[in-house]
Amino acid sequence: MHKMKVLIIDDEKLLVKSTILALRCFDFEPVGAFDGLEGLEKAHENIPDIILLDIMMPGMDGWEVLKRIKATAKMSGIPVIIFTAREYSNGYSLAIQQGAADYIAKPFELDELVQMLNKHAVP
Amino acid sequence: MEHFTQVIESFIEQLPVGIVTLGADDGVVSVNKPALSLLDMGIEDTLSGSFCKSVPVEEVREAVDRLRNNSSTQNFFFERGGKYVKGCASHYAGPEENGILIVLEDATAFRQMETIKREFLQSILYSLRNPLATLKTSLSILNAGKIAPLPASVQEIVGLSVLEVNRLNALLVDLRDLFYIETGLAEKELEIESFYPGKAIDRAVADLEKTQDLCKDLKERLRIEGRRDFSIKADFEKTKRIIMHVLSNAAVFSPKESPIVVRLSGNGLKTTMEIVDRGIGIADAKKPFLFTKYFREDNEKTRAVHGNGLGLFIARSLAELMGGSIYCETMQGKGSSFFIGLPS
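Protein chains in written order, with my numbering: chain Z, 2 to 124; chain X, 2 to 345.
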C-alpha cells in the first residue's frame, strides 16, 4: 500500500523528530528538513505528497520556500500546509493568499494534523 | 475674580498635558503651550477664525466635527513631529454655551513601552509554543497507545502530563487573546461569517473534552434546547472561545454529573445562547467584578480549581468586539445562567 510521503521543513529539530515519530504511527512516510534550502532540495529530489512548512527559519523563511515551490513546475502541485508558532492575525487567510493549502498553529492536536494531511494530500 | 482667573491660567499653562478650549463658533477660547507644541501650531494661528480651519492635524478636526454632530466624547490619536499624541475631545459647560474641551497628551514613551511589551510577549509566546508542540506531539503518541500499550501506572503518568501540557497551552491561548484584545489587534483579525450556534457549541465541547480533565464528560452533561435555526454572524473561532470559557466554568463549578443546559433563542437581529448550570453561583457582592480581569471568587471550591481569572474578561471582550454582549444571572448556591448574545 502506498504510504503518503510528508516532507516536514522546520528548524525546530526536536519538533521535526517528534512529528516524524508521530506520523509514522499513522502510516505516513515522513521526512524532515531543518532549513528552507534543505527542504527545497529534498522536495525536488523526491517529490512528496504534501509538505508541512514552518515560517520562521534562519536563512530562507517559509514564505520564500513556498514561493519557490509554487514557481517550480515540478513542485507547484504539491499541497503545502503552513505550520507555525509565529503570531499572525488572520494566519489562515494569509497562508491561502500565498498559495498554501492550509494553516495549522503550533502546538497542534495530532489528530487535527493527521486529518488535515489526509484531506489535502494527493497520493 | 481676576486674580483667581490668573491663577487658573497659570495652572493650565504648567500642566503636563495640552489643553484647548473652543467656543460655539469654533474660535479658540484658551490654549496652553503644551497644546501648541503637540499640535505644531503658533499662538498666532489660533487668534483668528475657526480652529478647525487652522489646526494642521486632521484627526483633531474630525474629532471636533464628530463632537459637534452630537456625538459623545471622542478619543483619537495622531503622530506629528516624531511624537505620538493621544487626545480626547468633549463637550464642556464653560463661560460659553456649546464649548469644546480638547485634552492632548504626549504618549510617545507610553507607546514605546507598549511596543516593547508586545515584542516581548510575542517572543515569549513563540519561544514557548515550539517546545510545547514537541511535548504535546510526543505525549499524544504515547497516550494513544500508538507505539505500544503502556502499563497502567505509566499510562496514568502520561495522561496527567497531557493534561498539564494542555493547561499550559490554554494559558498561552488566554495570554494571546488578552494581548490581542488590549492592543486592538483582535478587532483587526475578525473574520465575520454566518453559522449556526450548534456548530460552535459542538466544537467548543470537543475542544474542552480534549483539553480539560473536568470537562471529559461534558457532552453527556450537555442538553441543547430551543430553536437551532437562528444563525449567528460573527467570527467562528472567537465565538467558540467565548462558549468554551462559559461552558468550562459551568462544568468545573457545578456538581460532577449535574446537567448543563444551553437554551437557544433569537429574534432575527440577535441570537442568544443561555448557558445554565446548577453550580455554586456567585455571591451578590462579587457580581460586579465577574467580567473583570483576574477576578476569581475565593472559596473552597474555586481554590481547588486552577484558573487564571481571564476567561470571563476575554469572553466579554470578544463578544463586545463582535457587536454582542454577555451577562449573567446568578444565585449563590443555586447556579448561574450566562446569556451570550451575538448579531444574527
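Simulated from the structure, these hints should not be mistaken for laboratory data. In this text, a Cβ means the ideal position worked out from N, Cα and C, and glycines have one as well. Be a bit skeptical, because a hint or two may be false.
With a straight-line Cα cutoff of 20 Å, these simulated SDA-like cross-link-like pairs (lysine to any residue) come out [stated by the list, open to error]:
1. X:K147 - Z:I21
2. X:K241 - Z:M5
3. X:K234 - Z:K120
4. X:K271 - X:R222
5. X:K211 - X:R222
6. X:K288 - X:L270
7. X:K147 - Z:S94
8. Z:K75 - Z:D12
9. X:K34 - X:R119
10. X:K211 - Z:I105
11. Z:K14 - X:G146
12. Z:K14 - X:S128
13. Z:K14 - Z:K4
14. X:K257 - X:R222
15. Z:K18 - X:L129
16. X:K211 - Z:F109
17. X:K147 - Z:M117
18. Z:K14 - X:Y127
19. Z:K18 - X:G146
20. X:K189 - X:E120
21. Z:K18 - X:K118
22. X:K118 - Z:E88
23. X:K118 - Z:H121
24. Z:K14 - X:K241
Restraint-style ranges between C-beta atoms, simulated for each label pair [as the list claims (entries may be wrong)]:
25. Z:K71 - X:P289: 38 to 46 Å
26. X:A149 - Z:K18: 55 to 63 Å
27. Z:Q116 - X:V104: 26 to 34 Å
Computed from the model, here is a short list of chain Z residues facing chain X with C-beta under 7 Å [as the list claims (entries may be wrong)]:
28. E13
29. W64
30. T73
31. S77
Whether the CB-CB distance between A149 of chain X and K18 of chain Z falls inside 55 to 63 Å: 19 Å, violated
Regarding the hint that E13 of chain Z lies at the interface with chain X, is the smallest CB-CB distance below 7 Å? Since the shortest Cβ distance to chain X is 5 Å, the answer is holds.
Can you confirm whether the C-alpha distance between K211 of chain X and F109 of chain Z stays at or below 20 Å? 12 Å, holds
Does K18 of chain Z pair with L129 of chain X here, judged by a C-alpha cut-off of 20 Å? 17 Å, holds
Given the hinted pair K189 of chain X and E120 of chain X, is their Cα-Cα distance within 20 Å? Given pair K189 of chain X, E120 of chain X holds - Cα atoms ~18 Å apart, limit 20 Å.
Can the restraint linking K234 of chain X and K120 of chain Z be considered satisfied, given a maximum Cα separation of 20 Å? 27 Å, violated
For the pair we were handed, K18 of chain Z and G146 of chain X, check the Cα-Cα distance against 20 Å. Holds - the C-alpha atoms of G146 of chain X and K18 of chain Z are around 18 Å apart, at most 20 Å.
Check the hint pairing K14 of chain Z with G146 of chain X against an upper bound of 20 Å on the C-alpha distance. Violated, at roughly 24 Å.
Regarding the pair K271 of chain X and R222 of chain X, is the alpha-carbon distance no greater than 20 Å? 26 Å, violated
Is the straight-line distance between the alpha-carbon of K118 of chain X and that of H121 of chain Z 20 Å or less? 38 Å, violated
Is 26 to 34 Å a correct range for the gap between the Cβ atoms of Q116 of chain Z and V104 of chain X? The hinted range 26 to 34 Å is violated for Q116 of chain Z and V104 of chain X, with Cβ atoms some 54 Å apart.
Does K118 of chain X lie within 20 Å of K18 of chain Z when you go C-alpha to C-alpha? 33 Å, violated
When held up to the earlier numbered hints, the structure conflicts with 2, 3, 4, 6, 7, 8, 9, 11, 13, 21, 23, 24, 25, 26, 27, 29, 30 and 31 and fits the remainder.
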